[in-house]
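Visitor: Here is how the chains run, residue by residue.
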Amino acid sequence: MRTALDVNGLSYRYSDGTAALDDLHFQVQESECVGLIGPNGAGKSTLLLHLNGVLPETLARTATLSVFGEPLVEANLRSIRRQVGLLFQDPDDQLFCPTVYEDVAFGPKQLGLDPAEIVPRVLAEVGLVGFESRSPSRMSHGEKRRACLAGVLACDPAILVLDEPSSDLDPRGRRELIALLRRLPITKIIASHDLELVVELCSRVLVLDRGKIVADGPTTEILNDEPLMLAHGLERPHILRHSHPH
Amino acid sequence: MKAGELFASSADLDSPVHRLPAAMKLWIAVAMVVLVALAPKAWWFVPWGAALFLALVSGLSRVPARVLVGRLLIVEPFVLGVAILSLFQENGVSIFLALLAKSTVCIYTMVLLSCTTPFTAWIDALRQARVPSIFVTTVALMYRYLYVLLDEALRMRRARAARSFAPNRRFDWRLLASVAGQLFLRSTARAERIYSAMLSRGWR
Amino acid sequence: MSVPRPQGYSDGLAIQWPRPNAPSRLDEETAMHIPDGFVDARTAVATGLIAGAGVGVALREVRRSLPPSRMPLLGVSAAFLFAAQMLNFPVAAGTSGHLVGGVLAVALLGPAAAVIVMTTVVVVQCLLFGDGGVTALGANVLNMAVVAPLVGYLPYRMLGRLLPGERGRAISIGVAAWLSIVVASILCAGELAFSGTASWSAVFPAMAGTHMLIGVGEAVITALVLSSIAHARPELLAGPDRATSPAPSGTAGFAAVIAVALAVFVAPFASPWPDGLEHVADRLGFGTAAAGPFLQSPLTDYALPGVTSPAFATIAAGLVGAVIVFLLSFVLGRALVPKTRGRTR
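Residue numbers (the working numbering), protein chains in the order written: chain A, 1 to 246; chain B, 1001 to 1204; chain C, 2001 to 2345.
None of these hints come from the bench; they were simulated from the model. We put the CB at the ideal spot given by N, CA and C, even for glycine. It is possible that some hints are incorrect.
[Said to hold, decoys possible] A few chain B positions that, by computed beta-carbon distances, are all more than 12 Å from chain C:
#1 D1012
#2 P1016
#3 F1045
#4 F1053
#5 L1056
#6 G1059
#7 K1102
#8 R1127
#9 V1148
[As the list claims (entries may be wrong)] Computed, partial: chain C to chain B, Cβ under 7 Å:
#10 F2038
#11 L2049
#12 S2065
#13 P2090
#14 I2221
#15 V2225
#16 I2229
[What the hints assert, rightly or not] If you want the footprint, here are the derived chain C segments under chain B, 3+ residues with CB under 8 Å:
#17 2110–2121
#18 2192–2199
With the hints as extra help, turn the sequences into a complete structure.
Guide: Shown next, in the form of structure tokens:
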């Protein structure tokens, strides 16, 4: 099994000087699904943005991050962005085109691929057939989220990085999303407060607090560690209480 | 009014008029407006002919008359506002009436065009007309985020209304400015996130 | 430009677009968006050319100097300004005005990007809402998207340097906003009079008078909005100054466009006499030249009541004036606006 993602000493400061990420070290293996949990402001979103080199400051430093052995430096930027697909927290940020079709076709066009073949396939994959000419402003939140996912999948990423994928979804939308993500065989990194979703999808969990990784291990083990969870603004999910009574 | 009704929803109906290529409709409409607006006064038949043609197309378009007339009436007061200035000269009344007829026909042309052309078709038409890409992108983003912005504005108003117990009759300049300022700050933050989203999907 | 205010909301946000559908009294309405039928062919072509030149300069400038990371900001700002134009404020006695936002745009985005964004807004209003005519598009883009932002730009930068601090910025932005509205409205009046739609003696006081009042509202709101933004994120206001400060060529191009527009549409009426056109032409010695056979034939085709051949002569005079104004503002601009490269402080 190959190493999909290797983070080795990643640090990041905001422009005002506060440390957002502080010397992170971890690896993610191919086709692993890793949950990233932690309180608000822990640096989860910042970490995710680094994973495909969106924050320009990252590049100036020596590579502390590599994707399938490729270090994140200016020269590799395009190939790394191609391999890492990023699903943003607010679908309105990501669906910037006037129609679903154009939005899903955006990535393939940038990469020089043929959207005519790809777009129908990924729309079918996320269950949005018939939405091609719909305007995102007239779609439900769940539909928008799936359209975003289609736009990311259209770039054919090797690693899928998701920021709060279940936020603002109703129970059915959430259920459909979980089922959809489970069907995707690729490597996934999911940042979420929805710990039940993490339990269902992820085999391993990283706990991030104040820019540091405070725990890294199998999902059930970490989420059942009540003192650890409470110390970092989290709680043991109900789903584990029932299946693993202490 | 819901922000969603800002752009004509009847543009998504289906009719022979809706199915015509947008670029073609745009050029026909522009040509007609130019003809009507610039025709000498002696050519009184031009606006009437145009009005007849528009009535015919309106019928074919299946857009409810209520919608068309409603949108016309929204803009009409502003025509009157300018037209009134023309009264203060020789033959003022006849100039006033001619102006009114002309501009009403022209406005109706554009209203009918926008009620039968979906926004995405507009964008394609602009592209075809070789409008510089920076404008096309700006128009597309503007359309996309106008709704998002208006929703934000409405939520801010609702949140404030929920906390104020008596309706404030006095106009509050600072409130207006802070709403606008907030909206711009959110817009900037949004633009930064959109840029990240574009980058992450391979944009150069 | 002026609409009845929706009742019950003190924030003045009229979500109904383009205008609240409430019954309105006609005498409350004055408009900056010129509809179709109000400008003649000559004016349509002339304004179209001048506006095109202005937008062209802006386009070149934006392509040259706008960092790609600010590209999405153009579109989102266009949406913001579109929404901002729905903000109504009371002017006097039940009348209300709405924001034009030219100076707001220039202070937030820099001059070139402001022209692009404002042009987008005006064009979409014209094509999609019939708000502002197709044949008047050149005039409307010129007034609201080119002249309104740019006329405010120099006073904003100049006064901003003279009057430091938060209060200084508020004053300079207010003056700039007021000027931009008044100049744009005078230009609008000039275009209407030039088209023979209304007489200058009626349209000038009506437009300039109301907009001197409406301009106060624009000034207050623009200043308040900018100070609220400056409080939250001061770097946003500093940004455009540094990042997209136009090259001298850009400033010169803009100054030329404004000077020509003013010369062509306002200068002919600048004389206090009712027959100001002829008077100015005579005084400047163009009257006889214009009557020459070379100019006669095209003129007869376009002759309109009240506008005879000396009008063209006056334009020629105006253009000479424009060159002078342009040179003056160029020199002033170079002297007062610091060069980008010279900034080592």
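Visitor: Would you mind marking each hint as holding or not holding in the structure?
Guide: Hint check:
| no. | hint | verdict |
| --- | --- | --- |
| 1 | D1012 | holds, 14 Å |
| 2 | P1016 | holds, 21 Å |
| 3 | F1045 | holds, 16 Å |
| 4 | F1053 | holds, 16 Å |
| 5 | L1056 | holds, 19 Å |
| 6 | G1059 | holds, 20 Å |
| 7 | K1102 | violated, 3 Å |
| 8 | R1127 | holds, 14 Å |
| 9 | V1148 | violated, 8 Å |
| 10 | F2038 | holds, 6 Å |
| 11 | L2049 | violated, 16 Å |
| 12 | S2065 | violated, 13 Å |
| 13 | P2090 | holds, 5 Å |
| 14 | I2221 | holds, 6 Å |
| 15 | V2225 | holds, 5 Å |
| 16 | I2229 | holds, 5 Å |
| 17 | 2110–2121 | holds (count 5) |
| 18 | 2192–2199 | holds (count 4) |
Violated hints, in rising order: 7, 9, 11, 12; the structure is consistent with all others.
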